[in-house]
Amino acid sequence: MNVNATASIELETLAKRASHYLRDILHLAFHHRENEKAIVVYDRGCLLSNILEHAYRLALPDAIFIDFNELPPLEIRQTLDALEPSDFVALIQSTNFRLDAFRIRVELFKRSIKVIEHPHLSRMSEEEAPIYVDSLAYDAEYYRGVGRALKAKIDAAPFGIIESAGERLHYGSAFESAKLNIGDYTGMTNMGGQFPLGEVFTEAQDLRAVHGRLKIFCFGDVTYKINTPEIPITLIIEEGQVVACENSTPEFEHILSLIRRDEGGVVWIRELGFGLNRAFSKTRTVADTGTYERMCGVHVSLGAKHGTYGKPGFKRSDGLYHVDVFVDTDRVTLGDEVVFEEGSWIV
Numbered sequence: 010m011n012v013n014a015t016a017s018i019e020l021e022t023l024a025k026r027a028s029h030y031l032r033d034i035l036h037l038a039f040h041h042r043e044n045e046k047a048i049v050v051y052d053r054g055c056l057l058s059n060i061l062e063h064a065y066r067l068a069l070p071d072a073i074f075i076d077f078n079e080l081p082p083l084e085i086r087q088t089l090d091a092l093e094p095s096d097f098v099a100l101i102q103s104t105n106f107r108l109d110a111f112r113i114r115v116e117l118f119k120r121s122i123k124v125i126e127h128p129h130l131s132r133m134s135e136e137e138a139p140i141y142v143d144s145l146a147y148d149a150e151y152y153r154g155v156g157r158a159l160k161a162k163i164d165a166a167p168f169g170i171i172e173s174a175g176e177r178l179h180y181g182s183a184f185e186s187a188k189l190n191i192g193d194y195t196g197m198t199n200m201g202g203q204f205p206l207g208e209v210f211t212e213a214q215d216l217r218a219v220h221g222r223l224k225i226f227c228f229g230d231v232t233y234k235i236n237t238p239e240i241p242i243t244l245i246i247e248e249g250q251v252v253a254c255e256n257s258t259p260e261f262e263h264i265l266s267l268i269r270r271d272e273g274g275v276v277w278i279r280e281l282g283f284g285l286n287r288a289f290s291k292t293r294t295v296a297d298t299g300t301y302e303r304m305c306g307v308h309v310s311l312g313a314k315h316g317t318y319g320k321p322g323f324k325r326s327d328g329l330y331h332v333d334v335f336v337d338t339d340r341v342t343l344g345d346e347v348v349f350e351e352g353s354w355i356v
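Our numbering puts the first residue of the sequence shown at 10, with every later residue one more than the last.
For the record, the hints were derived by calculation from the structure and aren't laboratory data.
Fair warning: this is a prediction, and the values are worked out from it, not measured in the lab.
Among the hints, a few may not be true.
Subject to a maximum C-alpha distance of 20 Å in a straight line, what follows is the list of computed DMTMM-like cross-link-like pairs (lysine to aspartate or glutamate) [claimed, not checked]:
no., residue 1, residue 2
1, Lys320, Glu248
2, Lys162, Glu346
3, Lys291, Glu248
4, Lys291, Glu176
5, Lys46, Asp96
6, Lys162, Asp96
7, Lys291, Glu346
8, Lys46, Glu21
9, Lys291, Glu350
10, Lys320, Glu350
11, Lys119, Glu150
12, Lys324, Glu239
13, Lys188, Glu150
14, Lys46, Asp164
15, Lys25, Glu116
16, Lys162, Asp143
17, Lys46, Asp33
18, Lys188, Glu137
19, Lys25, Glu62
20, Lys46, Glu136
21, Lys291, Glu136
Simulated restraints on C-beta separations [to be verified]:
no., residue 1, residue 2, range
22, Pro70, Gly273, 17 to 27 Å
23, Gly319, His179, 15 to 25 Å
24, Glu248, Gln87, 50 to 60 Å
Beta carbons: idealized from backbone N, C-alpha and C, even for Gly.
Work out the full structure: start from the sequences and follow the hints.
Here it is in structure tokens:
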């Protein structure tokens, strides 16, 4: 069998698997009905975009399919403008679609249209395609059960501790009300967002109450891909800011220098993200940081940018950086209760 034939078989196999997962998402998370219109906008710039296009054709045989690179922007706009509330759009993007100043997902949300966005697919290698497909599996009982339980514990916890390879990071204050990305849009203004799913996130109410040491095994670099150093990097954190590092690398120091240069000489710790997606782990990775942040485990963000939570003294326009770093997590404690251990959430 030649290489092209082998690749074709792999694409078909992965597309069929993905279509099964997408049907679950459309039914269980989006409550999509046959009488509601569906549009899939795609490109064919990488293997993953081709797999997802084929998967949606299997999952939504009556949908309208638009090749983003084949139609003029005005015609794409006109097709999207014909949609009604509760209709559905999937955006399959090797990079990130732009229609001049028209922000597709934002504008569709304003009209109560459901949206799944698969951006930056070309950042991931062909070898990572099966992992990405696996990440689309939607176990509603797991995501909703663990997600809601975590939110309840986060919202009630007076403090928390992240233990990482012998180090401890202390959260000495209560947490902001946690946000959920679990495929349950009950009571939410918008239905959808960037996929895959699987995250609960918060941050300390008092950022300066965060202190200690944190070991990270990878981080998002300037190309928005994960960078995994040979030796995990230890962050030393005082009053919510990274003040020093051990076993750092030139690439990581470059990130820190950019943040310090543009954000007043300091590097804040802000988001505390609890990833739920079991397709991703410390050893089972994909290159795109925005996708990998759903990894089952813990990540925090470096930099002042975090649009979800306002803080005294932080202007939204001042925060330029939100760099995800991934924790070599042993244990997470909220209050006096252990909620993560041995690679799994135990709520």
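- Message: Hint check: Lys291 vs Glu248, CA-CA at most 20 Å. Holds or violated?
- Response: violated (28 Å)
- Message: So if I understand the rule, the pair passes when the alpha-carbon distance is 20 Å or less; does Lys291 with Glu346 pass?
- Response: violated (24 Å)
- Taking only the CA atoms, is the gap from Lys25 to Glu116 under or equal to 20 Å? violated (31 Å)
- Holds or violated: are the alpha carbons of Lys46 and Asp33 at most 20 Å from each other? Since the Cα atoms of Lys46 and Asp33 sit roughly 17 Å apart, the hinted pair holds (cutoff 20 Å).
- Message: With the threshold set at 20 Å, check whether the alpha-carbon distance from Lys46 to Glu136 stays at or below it.
- Response: violated (34 Å)
- Item | Pair hint Lys188 and Glu150, alpha-carbon separation not exceeding 20 Å | holds (18 Å)
- Given pair status - Asp164, Lys46, alpha carbons within 20 Å: Cα-Cα ~38 Å, so violated.
- Mind checking the alpha carbons of Lys324 and Glu239 for me, to see if they're no more than 20 Å apart? Violated - the C-alpha atoms of Glu239 and Lys324 are around 37 Å apart, more than 20 Å.
- Please work out if Lys162 and Asp143 have their alpha carbons no farther apart than 20 Å. violated (28 Å)
- Restraint check for Lys188 with Glu137, where alpha carbons must lie at most 20 Å apart: violated (28 Å)
- Item | Restraint status (C-alpha distance of Lys119 to Glu150 at most 20 Å) | violated (29 Å)
- Proposed proximity, Glu350 with Lys291 (alpha carbon, max 20 Å): holds (14 Å)
The structure fails hints 3, 6, 7, 8, 10, 11, 12, 14, 15, 16, 18, 20, 22 (numbered hints given earlier, in ascending order).
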